[in-house]
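Protein chains in written order, with this note's numbering: chain A, 1 to 374; chain B, 1 to 374.
None of these hints come from the bench; they were simulated from the model.
All values reported here derive from a predicted model rather than from experimental measurement.
It is possible that some hints are incorrect.
Because identical chains cannot be distinguished in the list, a pair is counted as satisfied if it fits within a single copy or across any two copies.
In the SDA-like style, the derived pairs of lysine to any residue whose C-alpha atoms are separated by at most 20 Å in a straight line are [said to hold, decoys possible]: (1) Lys-237 to Leu-157; (2) Lys-306 to Asp-106; (3) Lys-219 to Glu-361; (4) Lys-173 to Asn-134; (5) Lys-3 to Ile-116; (6) Lys-113 to Val-318; (7) Lys-306 to Lys-320; (8) Lys-156 to Ala-201.
Protein chains: 2
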Amino acid sequence: MFKFQITARNNRARAGIFTTPHGDLLTPVFAPVGTQAAVKTLTPAQVKELGATLVLSNTYHLYLRPGDDVVSELGGLHRFMRWPYPMLTDSGGFQVFSLAQTRQIDEEGVTFKSHIDGSTHRFTPQRSIRIQENLGADIIMAFDECSDPNDHAYSKLAMERTHRWAEICIKAKRRGDQALFGIVQGGVQADLRAASATFIASLDTPGIAIGGLSVGETKEEMHAMLDVVTPLLPENKPRYLMGVGTPEDLINGVLRGIDIFDCVLPTRLARHHSAFSPEGRLNMMNASFAHDERPIDETCDCYTCKTFTRAYVRHLIVAKELLAGTLISIHNLRALIRLMEQVRNYIAQGIFEEKAPGLLEQWKNNASREPGDG
Amino acid sequence: MFKFQITARNNRARAGIFTTPHGDLLTPVFAPVGTQAAVKTLTPAQVKELGATLVLSNTYHLYLRPGDDVVSELGGLHRFMRWPYPMLTDSGGFQVFSLAQTRQIDEEGVTFKSHIDGSTHRFTPQRSIRIQENLGADIIMAFDECSDPNDHAYSKLAMERTHRWAEICIKAKRRGDQALFGIVQGGVQADLRAASATFIASLDTPGIAIGGLSVGETKEEMHAMLDVVTPLLPENKPRYLMGVGTPEDLINGVLRGIDIFDCVLPTRLARHHSAFSPEGRLNMMNASFAHDERPIDETCDCYTCKTFTRAYVRHLIVAKELLAGTLISIHNLRALIRLMEQVRNYIAQGIFEEKAPGLLEQWKNNASREPGDG
Numbered sequence: 001m002f003k004f005q006i007t008a009r010n011n012r013a014r015a016g017i018f019t020t021p022h023g024d025l026l027t028p029v030f031a032p033v034g035t036q037a038a039v040k041t042l043t044p045a046q047v048k049e050l051g052a053t054l055v056l057s058n059t060y061h062l063y064l065r066p067g068d069d070v071v072s073e074l075g076g077l078h079r080f081m082r083w084p085y086p087m088l089t090d091s092g093g094f095q096v097f098s099l100a101q102t103r104q105i106d107e108e109g110v111t112f113k114s115h116i117d118g119s120t121h122r123f124t125p126q127r128s129i130r131i132q133e134n135l136g137a138d139i140i141m142a143f144d145e146c147s148d149p150n151d152h153a154y155s156k157l158a159m160e161r162t163h164r165w166a167e168i169c170i171k172a173k174r175r176g177d178q179a180l181f182g183i184v185q186g187g188v189q190a191d192l193r194a195a196s197a198t199f200i201a202s203l204d205t206p207g208i209a210i211g212g213l214s215v216g217e218t219k220e221e222m223h224a225m226l227d228v229v230t231p232l233l234p235e236n237k238p239r240y241l242m243g244v245g246t247p248e249d250l251i252n253g254v255l256r257g258i259d260i261f262d263c264v265l266p267t268r269l270a271r272h273h274s275a276f277s278p279e280g281r282l283n284m285m286n287a288s289f290a291h292d293e294r295p296i297d298e299t300c301d302c303y304t305c306k307t308f309t310r311a312y313v314r315h316l317i318v319a320k321e322l323l324a325g326t327l328i329s330i331h332n333l334r335a336l337i338r339l340m341e342q343v344r345n346y347i348a349q350g351i352f353e354e355k356a357p358g359l360l361e362q363w364k365n366n367a368s369r370e371p372g373d374g
Numbered sequence: 001m002f003k004f005q006i007t008a009r010n011n012r013a014r015a016g017i018f019t020t021p022h023g024d025l026l027t028p029v030f031a032p033v034g035t036q037a038a039v040k041t042l043t044p045a046q047v048k049e050l051g052a053t054l055v056l057s058n059t060y061h062l063y064l065r066p067g068d069d070v071v072s073e074l075g076g077l078h079r080f081m082r083w084p085y086p087m088l089t090d091s092g093g094f095q096v097f098s099l100a101q102t103r104q105i106d107e108e109g110v111t112f113k114s115h116i117d118g119s120t121h122r123f124t125p126q127r128s129i130r131i132q133e134n135l136g137a138d139i140i141m142a143f144d145e146c147s148d149p150n151d152h153a154y155s156k157l158a159m160e161r162t163h164r165w166a167e168i169c170i171k172a173k174r175r176g177d178q179a180l181f182g183i184v185q186g187g188v189q190a191d192l193r194a195a196s197a198t199f200i201a202s203l204d205t206p207g208i209a210i211g212g213l214s215v216g217e218t219k220e221e222m223h224a225m226l227d228v229v230t231p232l233l234p235e236n237k238p239r240y241l242m243g244v245g246t247p248e249d250l251i252n253g254v255l256r257g258i259d260i261f262d263c264v265l266p267t268r269l270a271r272h273h274s275a276f277s278p279e280g281r282l283n284m285m286n287a288s289f290a291h292d293e294r295p296i297d298e299t300c301d302c303y304t305c306k307t308f309t310r311a312y313v314r315h316l317i318v319a320k321e322l323l324a325g326t327l328i329s330i331h332n333l334r335a336l337i338r339l340m341e342q343v344r345n346y347i348a349q350g351i352f353e354e355k356a357p358g359l360l361e362q363w364k365n366n367a368s369r370e371p372g373d374g
């Protein structure tokens, strides 16, 4: 049911085809995030039109609202949100550690309070798998514990628990039409990352995720961790770098052997009027755009750039029209998806490594994550 | 450049073709409102897809933001908002009287303060025409004064001034590619409405608008005024009932000889989670929809109803996803546009009068305008 075929390699970078029950993914791939079973402000028709092939949704959010049982009763996530293409859910682990009001971790799981109403809930590895089975995404994640990446002692404990939980998740899994990925943890500690990569690689899973990065560490730390991890992973399994990222992060990730990315950044930036562009990230509310008849990005082929001027997008922002967020979301998502298309073509042609410095230069001023972005 | 051809009549109801520089309008027609050069939460591609042919935009809002000079410099409203089909602008009169913070009326015009920043501005009939010429809609309106409809003395003064201003607007108009409509006023006073209809009908304009209705009067009063006005209007000019309305209002308007309608109601209701349906207006946040796999309206052919369940739409509302407003807007607008398609077909077949009671029965529970709707 799941097959990963590498079609081209450029040193550590790979292009491939990951076969899922809802269609083939050409990798490297960027997945828009539909946290609550919707990519914010976009219809699935718009998400499809901008070239997305994989959409991520969040287990923690859907468990709380509308409830995974409701989603299951309504035919599963693909049917519920009318995205009949590949989908991925995370395990809820990251949200329990970042969003929930309070949490108590023990060997069997995590008890936490909902960020919505303060009600008390408990996730265990088994429960996370059961919820993800109810949701029914093609790619699901093992339940993991996220640590302070700079705390070696805690990162080690959390990593070891994540390993034990990964084995429990594999045993708990019942559906044959879902690919469960183990998650490599270990903070920004090279020894832990190496140990985690080795352990997760030893498990019988169709793919491997790398978690706990893009959580505040420096770019250099993230790259160093990827340089430790990916050489220890099997070549024949897709590698998913969770929650990453910016155009620059994607290029740097592919260079280090990553196949799958997701991030809320394109849609979150859009709601804050910020657009990716080869000129650097643009604040579309800037007064300088008031008379600017160019599209956001003259090189872009998205509906927004093919249709509207910067002046119009700026007007929508100033006039507080929600359509602004929709139009910039379309552009920002298309920018990353088009970048991945370009990267796949370069890998297929065997020229990605020589093109990468130019791509990084082109997108460099889109890389910063400003306070409030995350 | 403008031609109105009546293709079928059923007593006072008419079906026709109104030719404009940006395409033919099949009448009766309902126009979605794009107050600030955008139909709220929808792309022009979505507005087109749901069958809209005419879009209204508001002169007062666009004059204030981004400025009619900016819109003109950017190629006019059609090009600015990328709606290359027929467009209509109002004169700004209604907004000056309903939205502006303060206003002082004199014989030459109105001085008012912006509802956005309190800055002082002045509209005169000439200025309203000049602004509308900068905006460049196909159909434009004479500058009018709106009165308290129940105050006979004030309504008479306002009506007489509206008549003088209409003549000034006709003289001020310079562009040959815009159809200027005079506006019938007169509150809910039958004698004034008759005098106003007679006067406005005597002017050389390609169409006639009826203003000052749907502003708080009863349905019976609105119908009575239409019964006074439309028999006094020339048959060969399109009649536009401004700011109306509900499905029931549209059916009742067509029965009384109206050809063009516009209203913010479909998109405003959508943002308040309220959907038109033959079952009556539905509050889509209602818990009863949590597991409901039916579309909003099983008889509807819109993208929303062809694609999504009530359960999903409700989930989006509960989860505060803006996509809910988009999806319900598509449905509500399509409901009125489809109703007008049905009405045109009935008129063409000569059966509208016999079908009207059934249509009114079908849509009756969508008619009420709740506090906060307008």
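My question is about Lys-306 and Asp-106: at a cut-off of 20 Å on alpha-carbon distance, are they close within one copy, between copies, both, or neither? Neither way: Lys-306 and Asp-106 sit 53 Å apart in one copy and 47 Å across, limit 20 Å.
Within, between, both or neither: how does the pair Lys-306, Lys-320 come out at a Cα-Cα threshold of 20 Å? neither (22 Å within a copy, 30 Å between copies)
Is it within, between, both or neither when you check Lys-237 against Leu-157 at 20 Å Cα-Cα? neither (26 Å within a copy, 81 Å between copies)
If the cut is 20 Å between Cα atoms, do Lys-156 and Ala-201 qualify within a copy, between copies, both or neither? within (17 Å within a copy, 85 Å between copies)
How do Lys-219 and Glu-361 come out at 20 Å by Cα distance, when the copy is not named: within, between, both, or neither? Cα proximity of Lys-219 and Glu-361: one copy only (15 Å, versus 65 Å across).
As a check of your reading, is Lys-113 near Val-318 (CA-CA no more than 20 Å) within one copy, between copies, both or neither? between (38 Å within a copy, 19 Å between copies)
Using 20 Å as the alpha carbon limit, work out where Lys-3 and Ile-116 are close: within a copy, between copies, both or neither. Neither: 39 Å inside a copy, 58 Å across copies.
Taking 20 Å as the upper bound on the Cα-Cα distance, should Lys-173 and Asn-134 be classified as within, between, both, or neither? within (11 Å within a copy, 65 Å between copies)
Checked against the numbered hints above, the structure breaks hints 1, 2, 5 and 7 and satisfies the rest.
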